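*Asks:* Make the full structure from the sequences, and use the hints.
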Amino acid sequence: MLHLSSKQLRRAIVMSCLLVPFLESGVLAAPPDAGQILRGQQPQRQIPQLKSLPERERVEEYQPSGSGVRILVKGYRFTGFEALASESELLSQVADTIGKELNDGDLNAQLKRVDTLLRKKGWFLAESYLPEQDVSSGIIEISLSKNISDGSMTFSRQKNARISKEVLAGIGEDAVKSGYAINERQLERSLLIMNELPGVTAFAQLATGNVPGSTGVAVEVSEGALLSGGAWADNYGNYYTGQWRTSALVNINDPSGRGDQISVAGSVSDGFREGKIAYSHPLGSSGLKGALIYSPMSFEMGKEISDLKIKGQSQSVNAGLSYPLVRSRLSNITLTAGYEYKLLSDSIWGLELHDRSLNSCSIGLKGYFYDKLLGGGYNTWNANVTNGMSNERLLYITKSGIQGSYMHANLGLDRLQQVTDGVTLNVAWTAQFSPGNLDSSERFYLGGPFGVRAYPVGEASGDAGHLLNVDLSIKLPVPNNYGTLMLGGFYDAGRITTHINPWPFSILTDTGKNSYWLQGAGLELSYFKTDLFSIKSCWAHVIGENSGRDGWGRNADGKKDNDRFWLIAALYF
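Quick note on our numbering: the sequence shown kicks off at 298 and runs consecutively.
Where hints are given, some of them may not hold.
[Unchecked claim] Cross-link-like lysine-lysine pairs, in silico, DSSO-like; alpha carbons within 30 angstroms at most:
no., residue 1, residue 2
1, K663, K856
2, K600, K573
3, K833, K856
Please keep in mind that the hints were generated in silico from the structure rather than gathered at the bench.
Keep in mind that this is a model prediction, so the values were computed, not measured.
*Replies:* This is how it looks when you write it as structure tokens:
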């Protein structure tokens with residue numbers, strides 16, 4: 298049973314008296330708090346860009362040639378294959394020719410099949426050949442040449458490059474081991490990790506090794522400007538704190554020459570201020586990266602509820618690690634782990650409404666892969682589990698059950714499909730699951746420009762939910778030097794569960810539904826030129842009804858609009 302001090306009891310009574318007139322008048326169904334404002338600034342999804350799909354060699358079936366002296370093949374013997382492939386793997390490539398008569402052309406075709414296996418395993422310099430041999434027994438010997446590395450990886454840096462050769466050499470050392478064949482997968486992984494360093498671009502070429510008959514690797518490195526970033530304006534803000542926002546981001550890329558980055562960002566509107574400073578740094582040479590982020594935020598509600606003097610603020614500190622389990626051109630899997638500490642507070646007419654802290658740890662996987670299904674596509678996915686502890690100092694304010702430990706899992710699947718040249722289809726699904734009630738800063742939100750676009754920011758928040766977005770985009774004819782112009786149509790649908798464990802009077806909607814759907818559709822027009830500018834406008838229309846509306850049929854922004862417009866314009870440097 299909850300026991301209140303006399304001071305707490307007086308404050309609770311005063312707070313109830315302040316809120317009841319506004320609740321009864323319909324002016325305010327449930328005042329947004331610091332957690333909702335903070336969570337509303339974080340997009341649920343971003344539409345990816347389709348990249349070209351690299352071609353892969355095909356394994357060709359055996360086709361006999363028509364002429365030449367033929368040999369009845371009774372078996373195969375392989376030499377020099379150690380550390381490249383197993384004998385059984387090699388034999389599987391040519392086993393269907395045992396018991397058949399082959400000529401020189403047929404035997405050379407078998408070498409191509411063996412080489413295809415070597416390429417698949419990453420041995421792009423290794424090759425097979427037929428040594429001099431006596432084939433009267435019908436046993437064919439196939440030898441493998443490894444083309445070994447001399448252990449060298451040299452770096453040629455442009456004058457503006459700040460990244461140190463020692464950092465690059467540490468990343469590449471596993472790809473070039475002296476006396477061993479160069480593996481394409483290992484070399485590719487090293488180069489991709491180099492290219493993920495802020496502003497760094499690295500290209501590799503094979504070179505004659507220092508040891509006769511060996512191969513070396515020469516890497517050309519360039520680096521972008523020390524400063525990069527952008528500034529943008531949009532109407533993506535919360536209705537009560539100011540929809541029109543101005544934001545900016547500045548990155549300081551690789552200031553130490555060790556692959557680190559400092560990022561400073563800020564966003565302001567009429568009643569909203571948010572800042573962010575982040576620092577990331579490689580930890581070792583394996584691709585492991587650490588990051589620290591500090592973000593303060595403050596707000597004051599305006600519009601129809603300005604007389605309530607609702608204010609709030611938050612501070613959050615995040616420490617994270619990421620490690621590339623798989624890194625290649627066609628697929629990527631990254632392991633992530635993080636810790637976050639948040640302080641959130643709200644007040645009304647100068648009296649504290651909420652004062653809480655949250656500690657949480659998370660672990661997750663994310664990645665991408667390409668495929669050739671229906672002409673080719675790009676797929677991204679993520680899975681994340683968060684466990685935390687919520688501590689609300691003003692316990693008398695709520696019976697929501699958010700005090701104490703909490704957990705939620707988040708999933709995301711996204712496919713960008715190439716339909717035809719200039720036409721793409723993007724289908725994305727995101728979801729959150731939780732066994733209990735959550736703080737507003739941990740909840741799932743359907744409304745806004747990254748959710749069901751027909752509804753405002755902050756609409757339909759809940760402990761659990763899922764969201765489907767379908768976008769069909771067409772590239773309009775514009776000369777390439779003028780940028781890219783895209784016209785698209787979309788459909789959004791999402792379902793939200795407001796509370797996993799409802800309590801009396803916890804559902805303040807007109808319908809009283811705890812779970813419901815939102816739907817919308819519309820058109821989107823975007824115009825951009827990579828690294829220079831982007832402009833995107835969107836019109837969305839409500840489909841069906843909003844079962845989360847208040848008693849006057851209004852959405853989270855206090856309006857009954859069935860149409861909504863979004864706009865963002867950005868400049869990059």
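*Asks:* Of the numbered hints stated earlier in the document, which are not met by this structure?
*Replies:* Violated hint (a single one): 1; every other hint is consistent with the structure.
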